[in-house]
Amino acid sequence: MAKVEGEVQLLGVGGSPFARRVQIALKLKGIEYTYIEENLRNKSDLLLKYNPIHKKVPVLVHNGKPIVESLVILEYIDETWENYPIFPQQPYEKALARFWSRFIDDKILPAISKAAWTVNKEEREKGIEESLQALQFLENELKHKFFGGESIGIVDIAASYLAFWLPVVEEAVELKLLTSDKFPKLHKWSQEFINHPIVKENLPPKQGLLGFFKSRYAAISAASK
Numbered sequence: 206m207a208k209v210e211g212e213v214q215l216l217g218v219g220g221s222p223f224a225r226r227v228q229i230a231l232k233l234k235g236i237e238y239t240y241i242e243e244n245l246r247n248k249s250d251l252l253l254k255y256n257p258i259h260k261k262v263p264v265l266v267h268n269g270k271p272i273v274e275s276l277v278i279l280e281y282i283d284e285t286w287e288n289y290p291i292f293p294q295q296p297y298e299k300a301l302a303r304f305w306s307r308f309i310d311d312k313i314l315p316a317i318s319k320a321a322w323t324v325n326k327e328e329r330e331k332g333i334e335e336s337l338q339a340l341q342f343l344e345n346e347l348k349h350k351f352f353g354g355e356s357i358g359i360v361d362i363a364a365s366y367l368a369f370w371l372p373v374v375e376e377a378v379e380l381k382l383l384t385s386d387k388f389p390k391l392h393k394w395s396q397e398f399i400n401h402p403i404v405k406e407n408l409p410p411k412q413g414l415l416g417f418f419k420s421r422y423a424a425i426s427a428a429s430k
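In short: position in the sequence shown from 1, add 205, done, that's the numbering used here.
What the hints contain is simulated information worked out from the structure, not anything from laboratory work. Treat the numbers as computed from the prediction; the structure is a model and nothing was measured. Treat the hints loosely; a few may be bogus.
Taking CB as the label site, the calculated pair distances span [stated by the list, open to error]:
1. ILE403 with GLU287: 17 to 27 Å
2. ASP386 with LYS350: 15 to 25 Å
3. ARG421 with ASP311: 15 to 25 Å
With a Cα cut of at most 25 Å, we get these calculated DMTMM-like pairs of lysine to aspartate or glutamate [as the list claims (entries may be wrong)]:
4. LYS260 with GLU212
5. LYS393 with GLU335
6. LYS387 with GLU355
7. LYS312 with GLU327
8. LYS248 with GLU212
Virtual Cβ for every residue (Gly too), placed ideally from N, Cα, C.
Using the sequences provided together with the hints, build the complete structure.
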């Protein structure tokens, strides 16, 4: 295990892809930590204390000091515990990794959200088109087994939603985006990623997510009528 400099806590929600990003990074580095499950419908005083601005998970607390936003947390973890680096060591490669991680959050995930959770046909089609365009950029960027080369790195962790959560969403709302014929490299990567031993141990149960997403879509559809 990595040497722990003081107490490490993680506030999260079991089904959150953003909290799972942090868990995967902590496990890859062998960092001991205490996990605290949050209820976002009844937010704890601890969550409100440590993240008063966004009131969201994940929150990493190291020696009593909170760090919020998953990509910021991942960078903090990598700079604090040097074993198993998840960021590239060269400045240019590190900058590219930051760019693609942010691209996933700023471009791909909002487009998928529009495609999956919009009932309006025109908006849904627009979301699908934006998703496919953004995924193609990521497909073109994937040149090895993982984005981090032969081992999992920051971009792989940032893209974990695409590997595990997206197929569940697709099944729940009858949508097809990340298919093996359209995106063969990303599809193969997704299988390699979710079957990595550490990743596999730190993913939520699929059936629970599927039920949640189906209920969410049913509620959105009912509200639109």
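Exercise. Straight-line Cα separation of LYS393 and GLU335 no greater than 25 Å?
Worked result: Status holds; Cα separation ~22 Å.
Exercise. Taken at face value, is the distance from the CA of GLU212 to the CA of LYS260 at most 25 Å?
Worked result: Holds, at about 22 Å.
Exercise. Is it true that the C-beta distance of ASP386 to LYS350 lies inside 15 to 25 Å, as the hint says?
Worked result: holds (20 Å)
For this session: Take a quick look at whether LYS312 and GLU327 sit within 25 Å of each other, Cα to Cα.
Result: holds (19 Å)
Exercise. Is it true that the C-beta distance of ARG421 to ASP311 lies inside 15 to 25 Å, as the hint says?
Worked result: holds (23 Å)
Exercise. Keeping to a limit of 25 Å between CA atoms, is the pair of LYS248 and GLU212 held or broken?
Worked result: With a Cα-Cα distance of about 22 Å, the restraint between LYS248 and GLU212 holds, given a limit of 25 Å.
Exercise. Does LYS387 pair with GLU355 here, judged by a C-alpha cut-off of 25 Å?
Worked result: Holds, at roughly 23 Å.
For this session: Look at the Cβ atoms of ILE403 and GLU287 and judge whether their distance stays inside 17 to 27 Å.
Result: holds (18 Å)
The earlier numbered hints are all upheld by this structure, with none contradicted.
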